[in-house]
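Engineer: Dock chain to chain to rebuild the complex, using the hints, since each chain is given by itself in its own frame.
Protein chains in written order, with this note's numbering: chain A, 746 to 1020; chain B, 20 to 301.
Keep in mind that the hints were calculated from the coordinates and are not lab data. Among the clues, some could well be false.
[Unchecked claim] Examples of chain B residues toward chain A, derived with CB under 10 Å:
1) Leu55
2) Asn144
3) Val186
[As the list claims (entries may be wrong)] Chain A side only, calculated, beta carbon under 7 Å to chain B, not exhaustive:
4) Ala821
5) Leu823
6) Leu854
7) Thr868
8) Gln987
9) Asp989
Virtual Cβ for every residue (Gly too), placed ideally from N, Cα, C.
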Amino acid sequence: MSRCEHEHPRWAYGARGRGQPLDGAAPLQVSRLVVRYPGASKLALADVSFSVAAGQRVALVGPNGAGKSTILKTIAGLLPAECGQMRLYGNPVGACHHRTAYLPQRADLDWRFPITVAELVVTGRYVHLGWFRRPRAIDWQQVRRCLQRLGIADLADRQIADLSGGQQQRALLARAIVQEASLFLLDEPLNAVDEATRDLVTDVLAQEARNGASVLAATHDLGRLSESFDAAIYLQDGRIEQTDLLAVARGVASPHRTPGARCTASRTGDPACTG
Amino acid sequence: MHWLIEPLQYGFMRQALIAGLLVGTTCSMLGVYVVLRRLAFLGDAVAHTTLPGLVVAYLNRWNLLLGALVAALVTALGIGYLSRRERLREDTAIGVLFSGMFALGIVLISRTNSYRDFSHILFGNILGVTTGDLVGILLVGSIVVGTLLVFHKELVLTSVDPLHAQVIGLSADKIRYLLLVSIAMSVVTAIQAVGVVLTTALLVTPAATASLLTKRLQRMFALAVLFSAIGTVSGLYASFYLGVSSGGAIVLACTLVFSVVFVVRSLVQQASFRSILLGRFW
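Isolated chain B, as found in the complex (with noise of 0.2 Å):
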């Protein structure tokens, strides 16, 4: 059991097990109305769009976190504001705003002297988290599970049936907003951890896990939030013995939890399938 305690006896391990924690339950719950209202594409947009704000935090030492909660939210803004009445189709708004703040991102990059400083903001930097960092991540990540506590009944009628909640005066596009900004503050957290390219890992992954396991909206949260820590747990001890990056650990470890998730659920499907047919011919 001793290489399971020995990480733990180092401050950054236990402040990047504390943060990734943190950040997997505040995004692998929003991810179950992201899985289940196909939102992945936006929540990779989003994450994507953050990199101006965060390069200009940067190079003006503000604080990262708000530099990217701006960019974020004028993303998730000006998406459902380009889609609103379908003048535009809203996939054709996420790609023309996600590829120009992306673009716009680079183009301030390329201003400074070296890429290299900005590889924690495209890559993350979970080992590097300070107390600060945590108390951001713990007020946003509340706000956040808050949000989807309160709106629960909004949330799901707005999901199931637009209509009849706009029928009786609950705005379909005010719920929308609502996820939207959720959506833009979580991606904000999880970008301290693995970084503005794998952030929609954190978002999809877990809660497609869960997905594929039950049906009971309840149990699809519980399971989300249980394969996140799985696999943010699992991928930081992988960082810390391989000496890989924590980042790409930490998705590659939900990746994997649901690759072996999907190939045990589809064998067990086939074997009571043929069970099933066994089972009428003799």
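With the rest of the complex left out, here is chain A (with noise of 0.2 Å):
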């Protein structure tokens, strides 16, 4: 019997109230998710199970409006669930959240605000140090030392409105990177991008995973889905249709469907689970 959440869930800003990871628990483990946007008849996900292995990086693919950005929206707390569970190094959502990164779609940012790279890779560190504190010398210097990681150290002092779609989406990660997160969720990383910054988001997130970190992508690029990706998650109107293991042989894939679940939402809003 799957849990119904209700409620938008809420957590606290900075350390305060902060979960610990769960001993052998799965950095992501998602049951029987259902998510409605608000106002909408249509379900955004029905029923949709997988999860993600320590050093795994999963790519979500399919037609735009499968579902794959409201996946990633639910898991970083950025949408109620309707029904279902999801469970983040065991906690619930938001309670590690100092370990979740997510990286927006670029469009959901404004470039055009007045502050440069490093003073919008800083803000990674936000979540560690929540009301009052400012970022110190140490914060500065990690900054800097993400900046050389992904090859943007010289834009450091550059306004974001003077960066390219590419170095957008370096500086984006070097924020992940900076934040110390294990787990990356990542809406389209690599969609318009010069072909150096797709090898170098590649890369880094290759190193991140060896160093035991977690990738759920969504991703157009489905020529280079074996190279960049372990597994593969087919989506189609709010539904899992097939999970590709791509590379089976490494034997870390482990996402599955639970089949004959059913989710009924009554007029009131008031969702049960079956199944």
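Structural biologist: So, in structure tokens, the structure goes:
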């Protein structure tokens, strides 16, 4: 019997009330997730189950509107789940937000706001700072190192308005790494970026995965799926159509589908799961 | 230099200058966020909707600042509430509350005998600022500027990337309310200076002028304060010597500074564009 979470999750900004990863828990476990956009009649996600292991890179693929972004947003806590369960390192959504980095689509940011690249990247430290504490020298050093790793150290003092698409994506990934996250939720990280950036992003994610981080990324780039990811989940109309173990030999992939679950939502908006 | 010093011999001019500079600093600093987050319409609405609060306070001989503050807060929070979770689009919510509250103010005024009593509410009365008013302006201004400093990093993050803010547990809505309340408070101080109708100018024009000249946030704050000071001082002097409305003169001076900067910047850009072109051909 799956549990239903009707409430929009709330959690504290900064280090207060932070959950610790449970021993042996998967970085991400999603079971029978049902999501509906507020006011919409159609389900955005209908009964989606999968998990991501430590060190695993999983791609979400499928046509526009299939639910790729919705999955990422729900796990990040931006959308309420109508039904189903999500566990991040054994904790509910929000309790481990310091270890979860969500990279929005680039269009979701206001790139015209007048701050520098370094000032954007340092916002990755805010989850550790919380209210009233300013980034210290050690935070800025970390920012420099990550900018170097993504090959944009020379852009540190440039305005974010002056960045190209590829540079914007590098800056966003630098922020996720500055955050010291271990679960990366990436919305179209390889979309409309130059070849060099694509290679670099793939490399950096591979390094992070070797160090035990997990990646869940929505992508359109089917050509390079097997180079960049360990497994792929094919979505269609908010359902998992197929899961593909791109490299079964590595024996790390574990997406699965739970058949037979049904979700019914009553008119009062009080959902109940059966199955 | 006599003409510079002469107005300062009058107590009311000294008070007016101090009040104008305080109000200008508060409004122009907050105005940077108003401009960058495209909240100009909201600022205008909050300013206009203070009218019923001011009228009720005036008729009951309560503190005018307090009456305006209550009305402004009701509007700011009401707009935030109506447009929460996108039930209504924000500009629609603003439009409804803006005109409704202003109409209430007009109806309340029409119940009294004379519109003339309210001209200083509508058009400001900076030359009549009392020491008590100055203390109020200083207090409200310190709270607003203090808020901008203390919550600087949260204000920036929720402006650039509200989704990231949300994911790390920083509610973009909460910061928005903070900004709305700050706008309400600074609008109330601005009403003293230039009145209900022209308050938006102090919020928007100096910051807009600054945004023409720099892409650095810190410099934008500094320039906005500078431009508002220039506008306030020259407006007050113009009003002293030409005998025109002080509120109108201050706003007009700010607009003039904006126009000059806009034109000069366009000319410089054209010139540098032309020299690039010339450099390419010759």
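Engineer: Take the hints in turn and mark each one as holding or not.
Structural biologist: How the hints compare with the structure:
Because the closest C-beta pair between Leu55 of chain B and chain A is about 6 Å apart, less than 10 Å, the hint holds. Violation of the interface hint for Asn144 of chain B is found here, the shortest Cβ-Cβ separation to chain A being roughly 36 Å, above the 10 Å cut-off. With its C-beta approaching chain A no nearer than about 5 Å, Val186 of chain B sits inside the 10 Å limit, and its interface hint holds. Annotation: Ala821 of chain A was flagged as interfacial toward chain B, and the flag holds, the nearest CB pair being 5 Å apart, inside 7 Å.
Here the hint on Leu823 of chain A is kept, as its CB sits about 6 Å from the closest CB of chain B, short of 7 Å. Hint on Leu854 of chain A holds. Least Cβ distance to chain B is approximately 5 Å, under the 7 Å limit. Because the closest C-beta pair between Thr868 of chain A and chain B is about 5 Å apart, less than 7 Å, the hint holds. For Gln987 of chain A, the suggested interface contact is broken, since its CB lies about 29 Å from the closest CB of chain B, more than 7 Å.
This hint is violated: Asp989 of chain A has a C-beta 28 Å from the nearest C-beta of chain B, more than the 7 Å allowed.
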